[in-house]
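Enquirer: Sequence:
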Amino acid sequence: MRAPLLACLFFLALRPFAAAANTPDALAAIERNARNAHSDAVYIESGRGVLLQIAPAAGEDRIHLMSATKSVVALAIGLLLDDGKLASIDEPVSTVYPEWRQGRKRDITIRMLMDHTSGLQNVANAGVELEGAPDLVKLALAAEVSSDPGTTFAYNNKATNLLPDIVQRLAGKPLDVYLDERLFKPLGITGHAWMKDQAGTPMGMAGLSLSAVDLAAIGRLMLGGGVTPDGKRLLSERSVALMTAESARSPDVGLLWWRIPAWEHYRLKAGAATLLSARSMDPVMLDALLAADGQVFDSKSALISFLAERLGPSWPQRYAAEITGRGLKLGDIFDIDRGPVAAYAANGYLGQHLVIVPDKGVVAVRQIQRRESHSAPLDDYAAFPMDVLRLAETL
1 MRAPLLACLF FLALRPFAAA ANTPDALAAI ERNARNAHSD AVYIESGRGV LLQIAPAAGE
61 DRIHLMSATK SVVALAIGLL LDDGKLASID EPVSTVYPEW RQGRKRDITI RMLMDHTSGL
121 QNVANAGVEL EGAPDLVKLA LAAEVSSDPG TTFAYNNKAT NLLPDIVQRL AGKPLDVYLD
181 ERLFKPLGIT GHAWMKDQAG TPMGMAGLSL SAVDLAAIGR LMLGGGVTPD GKRLLSERSV
241 ALMTAESARS PDVGLLWWRI PAWEHYRLKA GAATLLSARS MDPVMLDALL AADGQVFDSK
301 SALISFLAER LGPSWPQRYA AEITGRGLKL GDIFDIDRGP VAAYAANGYL GQHLVIVPDK
361 GVVAVRQIQR RESHSAPLDD YAAFPMDVLR LAETL
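Residue numbering for the sequence shown is 1 to 395, as defined by the working numbering.
Bear in mind the hints are in silico, worked out from the structure with no lab data behind them. Ideal placement from N, C-alpha and C gives every residue a C-beta, glycine not left out. Treat the hints loosely; a few may be bogus.
[Said to hold, decoys possible] Using C-beta positions, here's what the derived DEER-type ranges look like:
1) Arg101 to Ala58: 21 to 27 Å
2) Arg310 to Ala57: 31 to 37 Å
3) Gly84 to Gly47: 16 to 22 Å
4) Met195 to Ala278: 37 to 43 Å
5) Arg169 to Arg48: 50 to 56 Å
[Said to hold, decoys possible] The list that follows gives simulated cross-link-like pairs (lysine to any residue, SDA-like), each with its CA atoms no further than 20 Å apart:
6) Lys269 to Lys196
7) Lys269 to Asp335
8) Lys329 to Arg62
9) Lys85 to Arg111
10) Lys269 to Thr244
From just these sequences and the hints, can you work out the full model?
Expert: Next comes the structure, spelled out in structure tokens:
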């Protein structure tokens, strides 16, 4: 991982579907858009079977999920609940790490690690302090608390790196071994790899590599409420529901899974200029945001594409530093209208997507290898979930 591991926060918000759409046209649009975005793998299935598959080159089927790894880590916490090794996700983290039984850290719960409300100090660009760190668990344990636990949503890579060690301490075996035994092998997933820090702990913020077909198997398990297509229960219905239930601090997230609305509309707030100026925002980012004044964006991906065009190739780093890094959310800057939640997703940097549409029985995966030629935002294919929902509406 030579480049920063940035969270793919810029996905998803979908506009209403065109009534005249049909399945072949929707599939053709996804294939065309996927190939234009240099996708390495696409796999889409429904109750009808496989609808579309773009296979990677031979021997390159395992692709790094980036931050979509977090969603798989969340399932390990669900397994701990099912196994009775964790009483509740509202257990204080200090029950595992006694050194946190003081100050504000005593108020941090496992739920807060998973819904990004722990308040732990965190640099938005993971490459600045996390990439190459010898012991990610010790680094997270030593972090200061920058906001009161449970009060503020702020995407936090550092906090999620505690979860693999929590799994090891409670399950008595490393995260990758635990998931291999309890989830991967029962799902028929055998070709996987998990990056570890120098202390030998699997990463929580990223690091898992899977094929598109294997990632779809995890999506299919979620679609089945924890039951495999052949009727074997691997996760309790309660644990699956926990993953996708709305967080108290952000409608966008569950527990390391994203909640996708059927549509959204974004308008720059009347007082945005005053707010941003008071935060001493970088002038380039400020100009890009204020250029949105008077416009209505019918999806989050459309808004992010608008900003990316004005910020240039380094837009993910600028966004992370000036928005996420300042504790800001798009909802602080834009008025947002949202439709009902229509899908759930695991997402990662560069445009790794697993999208699940429960009402239509659709599971869709898009993956792309890291390469120097990656051109954002085109190659991120942020509109993939929107395209999947349009397809689902035709089924």
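Enquirer: Check whether the Cα positions of lysine 329 and arginine 62 lie no farther apart than 20 Å.
Expert: violated, 33 Å
Enquirer: Does the alpha-carbon distance linking lysine 269 and threonine 244 stay inside the 20 Å limit?
Expert: Distance ~29 Å between lysine 269 and threonine 244 Cα, so the pair is violated.
Enquirer: What's the verdict on lysine 269 and aspartate 335, does the C-alpha distance respect the 20 Å limit or exceed it?
Expert: holds, 6 Å
Enquirer: Could you say whether the range 37 to 43 Å given as a hint is met by the Cβ separation of methionine 195 and alanine 278?
Expert: holds, 40 Å
Enquirer: Decide if the proposed pair is consistent with the structure: lysine 85 and arginine 111, CA atoms, cutoff 20 Å inclusive.
Expert: holds, 15 Å
Enquirer: Given the hint of 50 to 56 Å, check if arginine 169 and arginine 48 actually sit that far apart at their C-beta atoms.
Expert: 44 Å Cβ-Cβ, so the 50 to 56 Å window is violated.
Enquirer: At the C-beta level, are glycine 84 and glycine 47 separated by a distance inside 16 to 22 Å?
Expert: About 34 Å separates the Cβ atoms of glycine 84 and glycine 47, which means 16 to 22 Å is violated.
Enquirer: Is it true that the C-beta distance of arginine 310 to alanine 57 lies inside 31 to 37 Å, as the hint says?
Expert: At roughly 35 Å between Cβ atoms, alanine 57 and arginine 310 fall inside 31 to 37 Å, so the hint holds.
Enquirer: Take the C-alpha atoms of lysine 269 and lysine 196, compute the straight-line distance between them, and say whether it is at most 20 Å.
Expert: Not satisfied, since the Cα-Cα distance of roughly 43 Å exceeds 20 Å.
Enquirer: With 21 to 27 Å as the target window, see if arginine 101 and alanine 58 comply at their CB atoms.
Expert: The hinted range 21 to 27 Å is violated for arginine 101 and alanine 58, with Cβ atoms some 53 Å apart.
Hint violations for this structure: numbers 1, 3, 5, 6, 8, 10, all remaining hints satisfied.
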